[in-house]
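There are 2 protein chains.
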Amino acid sequence: MDGVILTPLKQIHHPKGDVFHAMKKSDVGFEGFGEAYFSTIHQGDIKGWKKHTKMTLNLVVPFGAIEFVVWDEKAFFSVILSPENYQRLTVCAGLWVAFRGVGKNNMLLNLASLEHDPNEAINQALESIPYAW
Amino acid sequence: MDGVILTPLKQIHHPKGDVFHAMKKSDVGFEGFGEAYFSTIHQGDIKGWKKHTKMTLNLVVPFGAIEFVVWDEKAFFSVILSPENYQRLTVCAGLWVAFRGVGKNNMLLNLASLEHDPNEAINQALESIPYAW
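From first to last, the protein sequence lines are chains A and B.
With this note's numbering, the residue at position 61 of the first sequence is 61, and numbering never jumps.
With this note's numbering, the residue at position 92 of the second sequence is 1092, and numbering never jumps.
Chain A extracted, bound-state conformation (with noise of 0.2 Å):
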């Protein structure tokens, strides 16, 4: 899909705790930083669909398991990011996303291009987007 980039991860091995890769400056996908925050999501639920006007969002799963949903108002693109699965999933400005708990502790790590702006979103009930959950 248009706007959509996965990105294969390295998990480096080592014997006193394990060291996993996010993302670096000169990676694709990488369009400014802006903001670092962590989202949980309980096993079950769903939290969406919401669409970023200028946000680039780059998401990572270092625990559980999430499933995320991205609606290009013609096509879902989804995948389930988790340690075991692990790649960074970058979601440009103007595509619909939602993402629901698969395991029983589920967080994901975003970084954003741009601080944190109510304004710059749009949120639509999870209802009024037709995807199979």
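Honestly, the hints are just simulated from the structure, not real lab data.
Given the structure is predicted, the values throughout are model-derived calculations rather than measurements.
A virtual CB, placed ideally from N, CA and C, is assigned to each residue, including glycine.
A couple of the hints might just be wrong.
As the list claims (entries may be wrong) - Chain B regions said to be covered by chain A (calculated; three or more residues, Cβ under 8 Å):
#1 1019-1027
#2 1038-1050
#3 1109-1123
Said to hold, decoys possible - Below 35 Å or equal to it, Euclidean Cα-Cα: the simulated DSBU-like pairs (lysine-lysine) are:
#4 A:LYS50 / A:LYS10
#5 A:LYS51 / B:LYS1010
#6 B:LYS1051 / A:LYS10
#7 A:LYS54 / B:LYS1050
#8 A:LYS50 / B:LYS1016
#9 A:LYS104 / B:LYS1025
#10 B:LYS1074 / B:LYS1104
#11 A:LYS74 / B:LYS1016
#12 A:LYS50 / B:LYS1025
#13 B:LYS1024 / A:LYS54
#14 B:LYS1024 / A:LYS50
#15 A:LYS16 / B:LYS1024
#16 B:LYS1074 / A:LYS74
#17 B:LYS1104 / A:LYS104
#18 B:LYS1104 / A:LYS16
#19 A:LYS51 / A:LYS10
#20 A:LYS24 / B:LYS1051
#21 A:LYS25 / A:LYS104
#22 B:LYS1104 / B:LYS1016
#23 B:LYS1054 / A:LYS104
#24 A:LYS10 / B:LYS1024
#25 B:LYS1074 / B:LYS1016
#26 B:LYS1050 / B:LYS1074
#27 B:LYS1051 / A:LYS16
#28 B:LYS1025 / A:LYS54
#29 B:LYS1054 / A:LYS54
#30 B:LYS1104 / A:LYS24
#31 A:LYS51 / B:LYS1051
#32 A:LYS104 / A:LYS51
#33 B:LYS1025 / B:LYS1051
#34 B:LYS1010 / A:LYS10
#35 A:LYS50 / B:LYS1074
#36 A:LYS25 / B:LYS1051
What the hints assert, rightly or not - Computed spacing ranges between beta-carbons, pair by pair:
#37 B:LYS1104 / A:ILE129: 17 to 27 Å
#38 A:HIS13 / B:LYS1104: 17 to 27 Å
#39 B:GLU1127 / A:ILE129: 57 to 67 Å
#40 A:ALA121 / B:ILE1005: 21 to 31 Å
With chain A's structure known, arrange chain B on it following the hints.
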């Protein structure tokens, strides 16, 4: 200690899963974005000592509990970060850092001001700096 900043961070309650702030580009301690990575540390294990000569570290612990110790060659600074003591630890270049896993499963996020460069950091054996772990 000079070059060390502790900044309380917001945890925003949400019925589907909380949001934890990590860093905004306008925050105190932000010196540019180079790379974000996660490091896990097993309970009782210690990683360190390492001194970055150019990189500013911004450390957040989204789960578990980790004791960070900073040494400026005169004195020690220490703090245990966790979701219960949810703060960001900024460590400027030139300081020695080590950290110990306190909880059962522990993970930190480092929002580093530079991309990883092994020539930019100096390592020293754990025993070489006499901190009473």
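Against the structure, the hints come out as follows:
1. Counting residues of the stretch 1019-1027 of chain B whose CB falls under 8 Å from any CB of chain A gives 8; the rule of at least 3 is met.
2. Under a criterion of three residues with beta carbons nearer than 8 Å to beta carbons of chain A, the stated coverage of the stretch 1038-1050 of chain B is upheld, 8 such residues being counted.
3. Counting residues of the stretch 1109-1123 of chain B whose beta carbon lies closer than 8 Å to any beta carbon of chain A gives 4, which meets the minimum of three for the stated coverage.
4. Restraint check for LYS50 of chain A and LYS10 of chain A: the C-alpha separation of about 29 Å stays at or below 35 Å, so the hint holds.
5. This hinted pair checks out: LYS51 of chain A and LYS1010 of chain B have alpha carbons roughly 24 Å apart, not beyond 35 Å.
6. With a C-alpha separation of about 24 Å, the suggested pairing of LYS1051 of chain B with LYS10 of chain A holds against the 35 Å cut-off.
7. Restraint check for LYS54 of chain A and LYS1050 of chain B: not satisfied, since their Cα atoms lie roughly 38 Å apart, outside the 35 Å limit.
8. Distance restraint check for LYS50 of chain A and LYS1016 of chain B: the Cα-Cα separation of roughly 15 Å lies within the 35 Å cut-off, and the hinted pair is therefore satisfied.
9. Proposed proximity of LYS104 of chain A and LYS1025 of chain B is supported: the alpha carbons are some 32 Å apart, at most 35 Å.
10. Between LYS1074 of chain B and LYS1104 of chain B the CA atoms are separated by roughly 32 Å; this keeps the pair inside 35 Å, and the hint holds.
11. Using a Cα cut-off of 35 Å, the hinted pair LYS74 of chain A and LYS1016 of chain B holds, with the two alpha carbons roughly 28 Å apart.
12. Proximity of LYS50 of chain A to LYS1025 of chain B is assessed by CA-CA distance (about 23 Å); at most 35 Å being required, the pair is judged to hold.
13. Annotation: proposed proximity of LYS1024 of chain B to LYS54 of chain A holds, straight-line Cα distance about 16 Å (limit 35 Å).
14. For the hint pairing LYS1024 of chain B with LYS50 of chain A, the CA-to-CA distance comes to about 21 Å; that is within 35 Å, so the pair holds.
15. Restraint check: the Cα-Cα separation between LYS16 of chain A and LYS1024 of chain B comes to about 30 Å, which is no more than 35 Å; the hinted pair holds.
16. Restraint check: the Cα-Cα separation between LYS1074 of chain B and LYS74 of chain A comes to about 62 Å, which exceeds 35 Å; the hinted pair is violated.
17. Taken as a hint, the LYS1104 of chain B and LYS104 of chain A pair is honoured in the structure, with Cα atoms around 17 Å apart against an allowance of 35 Å.
18. For a cut-off of 35 Å, the pair hint linking LYS1104 of chain B to LYS16 of chain A stands: about 13 Å separates their Cα positions.
19. Between LYS51 of chain A and LYS10 of chain A the alpha-carbon distance is near 29 Å, which keeps this suggested pair within the 35 Å criterion.
20. This hinted pair checks out: LYS24 of chain A and LYS1051 of chain B have alpha carbons roughly 20 Å apart, not beyond 35 Å.
21. In summary, the hint linking LYS25 of chain A to LYS104 of chain A is supported, as the alpha carbons are separated by about 32 Å, within the 35 Å threshold.
22. Of the supplied pair hints, the one linking LYS1104 of chain B and LYS1016 of chain B holds, its CA atoms being roughly 25 Å apart against a limit of 35 Å.
23. Restraint check: the Cα-Cα separation between LYS1054 of chain B and LYS104 of chain A comes to about 40 Å, which exceeds 35 Å; the hinted pair is violated.
24. At roughly 25 Å between alpha-carbon atoms, LYS10 of chain A and LYS1024 of chain B fall within 35 Å of each other, so this suggested pair holds.
25. Restraint check for LYS1074 of chain B and LYS1016 of chain B: not satisfied, since their Cα atoms lie roughly 47 Å apart, outside the 35 Å limit.
26. With a C-alpha separation of about 16 Å, the suggested pair LYS1050 of chain B and LYS1074 of chain B falls inside the 35 Å cut-off, and the hint holds.
27. Annotation: proposed proximity of LYS1051 of chain B to LYS16 of chain A holds, straight-line Cα distance about 19 Å (limit 35 Å).
28. Note on LYS1025 of chain B and LYS54 of chain A: the hinted pairing holds, with a Cα-Cα distance of about 16 Å set against a maximum of 35 Å.
29. For the proposed pair LYS1054 of chain B and LYS54 of chain A, the alpha carbon gap of about 32 Å is at most 35 Å, so the pair holds.
30. Our distance criterion of 35 Å between C-alpha atoms is met by LYS1104 of chain B and LYS24 of chain A, whose separation comes to about 29 Å.
31. For a cut-off of 35 Å, the pair hint linking LYS51 of chain A to LYS1051 of chain B is broken: about 42 Å separates their Cα positions.
32. Straight-line distance between C-alpha atoms of LYS104 of chain A and LYS51 of chain A comes to about 26 Å, which keeps the hinted pair within the 35 Å bound.
33. Proposed proximity of LYS1025 of chain B and LYS1051 of chain B is supported: the alpha carbons are some 24 Å apart, at most 35 Å.
34. For the hint linking LYS1010 of chain B to LYS10 of chain A, the alpha-carbon distance of about 29 Å falls within 35 Å, and the restraint holds.
35. Distance restraint check for LYS50 of chain A and LYS1074 of chain B: the Cα-Cα separation of roughly 50 Å exceeds the 35 Å cut-off, and the hinted pair is therefore not satisfied.
36. For the hint linking LYS25 of chain A to LYS1051 of chain B, the alpha-carbon distance of about 22 Å falls within 35 Å, and the restraint holds.
37. Against the hinted window of 17 to 27 Å, the Cβ-Cβ separation of LYS1104 of chain B and ILE129 of chain A comes to about 39 Å, which falls outside the hint.
38. The beta-carbon spacing between HIS13 of chain A and LYS1104 of chain B, approximately 19 Å, falls within the hinted interval of 17 to 27 Å.
39. At about 58 Å, the beta-carbon gap between GLU1127 of chain B and ILE129 of chain A stays in the expected band of 57 to 67 Å.
40. For ALA121 of chain A paired with ILE1005 of chain B, a C-beta distance near 30 Å keeps the hint of 21 to 31 Å intact.
Of the numbered hints stated above, those contradicted by the structure are hints 7, 16, 23, 25, 31, 35 and 37, listed in ascending order.
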